[in-house]
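Enquirer: If you want the building blocks of each chain, they are given just below.
2 protein chains.
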Amino acid sequence: MKKAIVLLSGGLDSAVTLFYAKKRGFDITCLTFDYGQRHRRETQSAKKLTELVKAKQVILKVAFPSESSSLTNTKTNLPQRQSLEIKKTGIPSTYVPARNIIFLSYALLYAEVIKAGSIFIGVNSIDYSGYPDCRPEFLKAFTEMAALGTKSGVSGKAVKIEAPLMMSSKAEIVKLGKKLNVPFEHTWSCYEGGRYPCCKCDSCRLRAGGFKEAGIGDPLEEKRAG
Amino acid sequence: MKKAIVLLSGGLDSAVTLFYAKKRGFDITCLTFDYGQRHRRETQSAKKLTELVKAKQVILKVAFPSESSSLTNTKTNLPQRQSLEIKKTGIPSTYVPARNIIFLSYALLYAEVIKAGSIFIGVNSIDYSGYPDCRPEFLKAFTEMAALGTKSGVSGKAVKIEAPLMMSSKAEIVKLGKKLNVPFEHTWSCYEGGRYPCCKCDSCRLRAGGFKEAGIGDPLEEKRAG
Chain Z
0 MKKAIVLLSG
10 GLDSAVTLFY
20 AKKRGFDITC
30 LTFDYGQRHR
40 RETQSAKKLT
50 ELVKAKQVIL
60 KVAFPSESSS
70 LTNTKTNLPQ
80 RQSLEIKKTG
90 IPSTYVPARN
100 IIFLSYALLY
110 AEVIKAGSIF
120 IGVNSIDYSG
130 YPDCRPEFLK
140 AFTEMAALGT
150 KSGVSGKAVK
160 IEAPLMMSSK
170 AEIVKLGKKL
180 NVPFEHTWSC
190 YEGGRYPCCK
200 CDSCRLRAGG
210 FKEAGIGDPL
220 EEKRAG
Chain U
0 MKKAIVLLSG
10 GLDSAVTLFY
20 AKKRGFDITC
30 LTFDYGQRHR
40 RETQSAKKLT
50 ELVKAKQVIL
60 KVAFPSESSS
70 LTNTKTNLPQ
80 RQSLEIKKTG
90 IPSTYVPARN
100 IIFLSYALLY
110 AEVIKAGSIF
120 IGVNSIDYSG
130 YPDCRPEFLK
140 AFTEMAALGT
150 KSGVSGKAVK
160 IEAPLMMSSK
170 AEIVKLGKKL
180 NVPFEHTWSC
190 YEGGRYPCCK
200 CDSCRLRAGG
210 FKEAGIGDPL
220 EEKRAG
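For the record, the sequence lines run as chains Z and U. Letter 62 of the first sequence, counting from 1, is numbered 61 in numbering that gives the first Met the number 0, and no numbers are missing. Letter 47 of the second sequence, counting from 1, is numbered 46 in numbering that gives the first Met the number 0, and no numbers are missing.
A few of these clues could be false.
What the hints assert, rightly or not - Simulated crosslink set (DSS-like; lysine-lysine; CA at most 27 Å straight-line): (1) Z:Lys139 with U:Lys139; (2) Z:Lys159 with U:Lys139; (3) U:Lys74 with Z:Lys55; (4) Z:Lys139 with U:Lys150; (5) U:Lys114 with Z:Lys139; (6) U:Lys150 with Z:Lys159; (7) U:Lys150 with Z:Lys60.
No lab work stands behind these hints: they were computed from the structure. If you're wondering where the values come from, they're calculated on a predicted model, not measured in any experiment.
Generate coordinates for the entire structure from the input sequences, incorporating the hints supplied.
Expert: Spelled out as structure tokens, the structure:
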């Protein structure tokens, strides 16, 4: 059975990616990070999802300085979609410096240790927040760097990095999740990390838009409404 | 004053790199990693060196699984230079998967947080142990990846990664260190991490060869002899 590492935050996209990798028949180890994110409750979702697919799980504490991002600094407000900063740079304050670079680097480490040939990551460059480390050109460059900087790479067995959702709209991701029987109620997207989704942050808006366009009900929303 | 991150293990090469960056006039933050290496005493050297140049210091604990490498697994023996495995792959068992990839990724994170324009790393591809993540082609690929995957990169202010010792022989590194007044007695190279250098591991051999060829005495050796 081929081994794979799945980067699993516990959000919608990484959950769909996990179920996709499972469907492909991989022996999966999920990597989940506690990096001081204000919505740390997403890691609880990650635990639940890992259990449900009977995968192995590694949870890593990664020290991001709290001032890295509005996502790790609870003293700041989360940005609204139209904020001035986003208009200027295209990148919101929820950007966490080098986040996917660090996460993928750890995935490479674990892939080499357990001899996994693939790393799955749920990044998406269509309905996304404008983070540079979610784009195909970044992932291509990371893959090339990894092939040059690792033993597996220079031995001709470079780890493959798969981003099956890269070019999907959020609605397509929701539809794929439905097809793969992803338990949406056990995924968590909201940046605020309260008891229910805030329905205001960028992540909530993208999620709600996806479910609406797909014509599928979000069980998290229904729970809130109920 | 321009800011820089220096990756400082506490070994000879990173110490010389630190003093080189200092000479260049940077406001320096040293990043040192405790990754379960058997020669963890090198981090004590890193602390001392950081104090001596009056730099800021961040020490990060990074969870490398102990089975990653003979450098993190004290139940294995350290390889001798001529071991069968090295002959076969060119890479010794002291290789730690994705080590410099993870270290440089953290350096990128801190560079973005403190707005440092440069990262210094003491890698060397001449008198080295054959690690793939110490070669110029790797560093070039890492730089390209970083430019695409970070806010600084896409904003046209990509962090520069400098490896001033990349093409130097160990003797040239020793000579440069001497010129820069690096306190060699406060550097640590031996993989064993005992009270004195073992003088047998690959790292000890490379160091001893460098001092010998440079015609300079290694104060650590003299301490041992004394």
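Enquirer: Now tell me, hint by hint, if it's right for this structure.
Expert: Going down the list of hints, with the structure as the test:
no.	hint	verdict
1	Z:Lys139 with U:Lys139	holds, 14 Å
2	Z:Lys159 with U:Lys139	holds, 20 Å
3	U:Lys74 with Z:Lys55	holds, 25 Å
4	Z:Lys139 with U:Lys150	holds, 17 Å
5	U:Lys114 with Z:Lys139	holds, 26 Å
6	U:Lys150 with Z:Lys159	holds, 25 Å
7	U:Lys150 with Z:Lys60	holds, 23 Å
Violated hints are absent here; each numbered hint is respected by the structure.
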